[in-house]
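**Q** Spelled out from the first residue to the last, the chains are:
There are 2 protein chains.
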Amino acid sequence: MEKVEIVLNSLPMSGGDGPNSYSKNSHLQRKTTSLLKETIDKLILEKLDAKTLISGSNTFRIADLGCATGPNTFFLVDDIIKSVETSLRKSNSSKPEFLVYFNDLPENDFNTLFTSLPQDTSYLAVGVPGSFYGRVIPRSSVHIVVTVGATHWLSSVPKEVLDKRSKAWNKGKVHYSNAAKEVVKAYERQFGRDMGKFLEVRAKELVSGGLLVVGMCGIPKGMPFSNLADSVMYTSMAEVLIQMQSQGLITEEQADTFNIPIYSASPEEVTFLVETNGCFTVESMELMNPAAWLKRAVNVEDVRQWMICIKATMGSLFINHFGDHILDVFFDRLTEKLVGLTEKIESSYREKLMLFFALKRK
Amino acid sequence: MEKVEIVLNSLPMSGGDGPNSYSKNSHLQRKTTSLLKETIDKLILEKLDAKTLISGSNTFRIADLGCATGPNTFFLVDDIIKSVETSLRKSNSSKPEFLVYFNDLPENDFNTLFTSLPQDTSYLAVGVPGSFYGRVIPRSSVHIVVTVGATHWLSSVPKEVLDKRSKAWNKGKVHYSNAAKEVVKAYERQFGRDMGKFLEVRAKELVSGGLLVVGMCGIPKGMPFSNLADSVMYTSMAEVLIQMQSQGLITEEQADTFNIPIYSASPEEVTFLVETNGCFTVESMELMNPAAWLKRAVNVEDVRQWMICIKATMGSLFINHFGDHILDVFFDRLTEKLVGLTEKIESSYREKLMLFFALKRK
Numbered sequence: 006m007e008k009v010e011i012v013l014n015s016l017p018m019s020g021g022d023g024p025n026s027y028s029k030n031s032h033l034q035r036k037t038t039s040l041l042k043e044t045i046d047k048l049i050l051e052k053l054d055a056k057t058l059i060s061g062s063n064t065f066r067i068a069d070l071g072c073a074t075g076p077n078t079f080f081l082v083d084d085i086i087k088s089v090e091t092s093l094r095k096s097n098s099s100k101p102e103f104l105v106y107f108n109d110l111p112e113n114d115f116n117t118l119f120t121s122l123p124q125d126t127s128y129l130a131v132g133v134p135g136s137f138y139g140r141v142i143p144r145s146s147v148h149i150v151v152t153v154g155a156t157h158w159l160s161s162v163p164k165e166v167l168d169k170r171s172k173a174w175n176k177g178k179v180h181y182s183n184a185a186k187e188v189v190k191a192y193e194r195q196f197g198r199d200m201g202k203f204l205e206v207r208a209k210e211l212v213s214g215g216l217l218v219v220g221m222c223g224i225p226k227g228m229p230f231s232n233l234a235d236s237v238m239y240t241s242m243a244e245v246l247i248q249m250q251s252q253g254l255i256t257e258e259q260a261d262t263f264n265i266p267i268y269s270a271s272p273e274e275v276t277f278l279v280e281t282n283g284c285f286t287v288e289s290m291e292l293m294n295p296a297a298w299l300k301r302a303v304n305v306e307d308v309r310q311w312m313i314c315i316k317a318t319m320g321s322l323f324i325n326h327f328g329d330h331i332l333d334v335f336f337d338r339l340t341e342k343l344v345g346l347t348e349k350i351e352s353s354y355r356e357k358l359m360l361f362f363a364l365k366r367k
Numbered sequence: 006m007e008k009v010e011i012v013l014n015s016l017p018m019s020g021g022d023g024p025n026s027y028s029k030n031s032h033l034q035r036k037t038t039s040l041l042k043e044t045i046d047k048l049i050l051e052k053l054d055a056k057t058l059i060s061g062s063n064t065f066r067i068a069d070l071g072c073a074t075g076p077n078t079f080f081l082v083d084d085i086i087k088s089v090e091t092s093l094r095k096s097n098s099s100k101p102e103f104l105v106y107f108n109d110l111p112e113n114d115f116n117t118l119f120t121s122l123p124q125d126t127s128y129l130a131v132g133v134p135g136s137f138y139g140r141v142i143p144r145s146s147v148h149i150v151v152t153v154g155a156t157h158w159l160s161s162v163p164k165e166v167l168d169k170r171s172k173a174w175n176k177g178k179v180h181y182s183n184a185a186k187e188v189v190k191a192y193e194r195q196f197g198r199d200m201g202k203f204l205e206v207r208a209k210e211l212v213s214g215g216l217l218v219v220g221m222c223g224i225p226k227g228m229p230f231s232n233l234a235d236s237v238m239y240t241s242m243a244e245v246l247i248q249m250q251s252q253g254l255i256t257e258e259q260a261d262t263f264n265i266p267i268y269s270a271s272p273e274e275v276t277f278l279v280e281t282n283g284c285f286t287v288e289s290m291e292l293m294n295p296a297a298w299l300k301r302a303v304n305v306e307d308v309r310q311w312m313i314c315i316k317a318t319m320g321s322l323f324i325n326h327f328g329d330h331i332l333d334v335f336f337d338r339l340t341e342k343l344v345g346l347t348e349k350i351e352s353s354y355r356e357k358l359m360l361f362f363a364l365k366r367k
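Protein chains in written order, with the working numbering: chain A, 6 to 367; chain B, 6 to 367.
Note that these hints are calculated values from the structure, not bench results.
Be careful, since some hints might not be right.
Because identical chains share one entry, a pair is satisfied inside a single copy or across any pair of copies.
[Stated by the list, open to error] Result set (DSSO-like, lysine-lysine): computed pairs, CA atoms no more than 27 angstroms apart in a straight line:
{"hint": "1", "residue 1": "Lys100", "residue 2": "Lys186"}
{"hint": "2", "residue 1": "Lys95", "residue 2": "Lys176"}
{"hint": "3", "residue 1": "Lys100", "residue 2": "Lys357"}
{"hint": "4", "residue 1": "Lys100", "residue 2": "Lys367"}
{"hint": "5", "residue 1": "Lys186", "residue 2": "Lys349"}
{"hint": "6", "residue 1": "Lys87", "residue 2": "Lys209"}
{"hint": "7", "residue 1": "Lys56", "residue 2": "Lys209"}
{"hint": "8", "residue 1": "Lys100", "residue 2": "Lys176"}
{"hint": "9", "residue 1": "Lys100", "residue 2": "Lys202"}
I would like the entire structure built from these sequences, with the hints used as guidance.
**A** In structure tokens:
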């Protein structure tokens, strides 16, 4: 089996099902998944020849990459299976068995995922530990690969950003938002390598005619990241860290080497990467509106809920870098800071920020 | 997908990798696995047409049912893969990809399993949560199913044994050893149903020509269980429970309703079940000597080590029934009792107590 060498950030969503867990604090992600339901349904009915794909084995295989601990992954998978069943009914096919690969990093809390699997699933469920920037599924075996809210996570922070001698050294910031152009370029190149690898390995895993469906952080081509609400958050994060450093809660070294490996891609740059890869046709490539609250006036409660979700999603990144004793202090201060910035958040660009694309394996 | 209704005991091995964990206390099981290595290697080379099986997909699929948390499952799987590779080299076949299904109950500690997966595996690994008395793998898709030390666990304690009005009511005992013949019969019937179901679902999952390899607790036909060292243990367990009940540490109800759902099968009864099923040919069916220490003089340290393994293996059964506060007390008392019975253990029948069988899917 081909092995891929990558430096991985250990970034599982917060495990368990306690008050700070991802499984209890992923309603924003749930909204995203719901938004995609109709789009994915249409894609499956119009672009997927399910009948031909299952001829032979009569097993239909689906993978959710970056599934976390549930429950969103179960809703997503259920929706996909219903669409495939509708498609098969229309073509008078016999009902296949469904196998679902739930994939995430080995550090993900698969115990919570498995024990919260619905009792009456209509599919066989397996968990696949491993980075989706490497091979995780047998070759030419999967019919639909879906990943929502995961591929904006880079495989690692770009090396240059951590190198004091580099122009891309990102001291005093936690992201490429508002950063030097060398930092932006370093993130962009890292995304290019990661998404390039992602497409390369998925091309090996998908059967010919299979679909790769992706929802991730997006941005219109040419728009500076600083226009976005997330930019307000990243700037505030850096400010909180500097404050905590000045109080001796964290070291300067810790603060300077902390960067969040998240990248928002434009449709144009993903299209370029897909064309370079050459194994897929583009069936859909669009920027969509993300979770509903961003469309309307932002209130204090919205900000608090947002931060609870961010803490469940990014918490382990902070814990791995700073230790777990700073997590609550950091997020309490961050939340208070952002609560004072609702107007700035509200006036940020908040529309087409989810990049959705669907590719068909040639 | 066909769903199977069974009442399951939640019986994961002790999770994590702490001092009481299964992963740290499964060396007796490791010895069993080592003993089987040569036998399994020979089977694969002589009875499996690996070249024909992989034609088409070039993916070779292996399942370990009841894998627990490792590391024994990794050794076992490695050995199997090496044998298959040898077989394929001999027939000048191209190297396939290997997919390994690691199966256990959903309550098993898959997090420990996944994070302790060797870094340099030559296979894609997936975890499959679910009882192996139901379907866990897509139909006609797996080439070798192996299960060591798991199928002597019944899907549940036989109902009659828990029924006060039944002749099989097993008051004052924890097992069918030395019990009324109705109790023995109830366990025997339960094993027949469970193994019947096991063979039925495996027949659906294995490809034609695929192998089902099982190592489990066995016993020569007609031998009373009371001849065995395990019988000394079960009798002592019952005595400790009665003592704890008299001291008010557990209730009479708790003591009377506790039974260990483990059954030792003879080659003859498994052969009968395989013939009844009709989907397999018997390639091997034999009683082997189990773990090495049972062959020689038994000393106090042997007994202590044995009990540490039993605690890691059966601990959750006690915790589920009595609560976790009694676990240490119970096993401390049990160990002390058995330490005083080394001669009795030594004079027990200790030879052909592992039933090994290999079946080929027609």
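**Q** Between Lys100 and Lys186, at a C-alpha cutoff of 27 angstroms, which is it: within one copy, between copies, both, or neither?
**A** For Lys100 and Lys186, the Cα distance exceeds 27 angstroms both inside one copy (53 angstroms) and across copies (47 angstroms).
**Q** Are the CA atoms of Lys100 and Lys176 at most 27 angstroms apart within a copy, between copies, both, or neither?
**A** Answer is neither; intra-copy 57 angstroms and inter-copy 48 angstroms both fail.
**Q** If the cut is 27 angstroms between Cα atoms, do Lys186 and Lys349 qualify within a copy, between copies, both or neither?
**A** Intra 24 angstroms, inter 79 angstroms, cutoff 27 angstroms: intra-copy only.
**Q** For Lys100 and Lys202, with the copy left unspecified, which applies at a CA distance of at most 27 angstroms: within, between, both, or neither?
**A** between (34 angstroms within a copy, 23 angstroms between copies)
**Q** At most 27 angstroms between C-alpha atoms: does Lys100 with Lys357 qualify within a copy, between copies, both, or neither?
**A** neither (38 angstroms within a copy, 47 angstroms between copies)
**Q** Can you tell me if Lys95 and Lys176 fall within 27 angstroms by alpha carbon in one copy, between copies, both or neither?
**A** Neither, since 58 angstroms and 59 angstroms both go past 27 angstroms.
**Q** My question is about Lys56 and Lys209: at a cut-off of 27 angstroms on alpha-carbon distance, are they close within one copy, between copies, both, or neither?
**A** The answer is both: 21 angstroms in one copy and 22 angstroms across copies each meet 27 angstroms.
**Q** Within, between, both or neither: how does the pair Lys87, Lys209 come out at a Cα-Cα threshold of 27 angstroms?
**A** Classified as both: same-chain Cα gap 26 angstroms, cross-chain 24 angstroms, threshold 27 angstroms.
**Q** Indicate which option fits the pair Lys100, Lys367 if close means a Cα-Cα distance not exceeding 27 angstroms: within, between, both or neither.
**A** For Lys100 and Lys367, the Cα distance is within 27 angstroms both inside one copy (25 angstroms) and across copies (25 angstroms).
Violated hints, in rising order: 1, 2, 3 and 8; the structure is consistent with all others.
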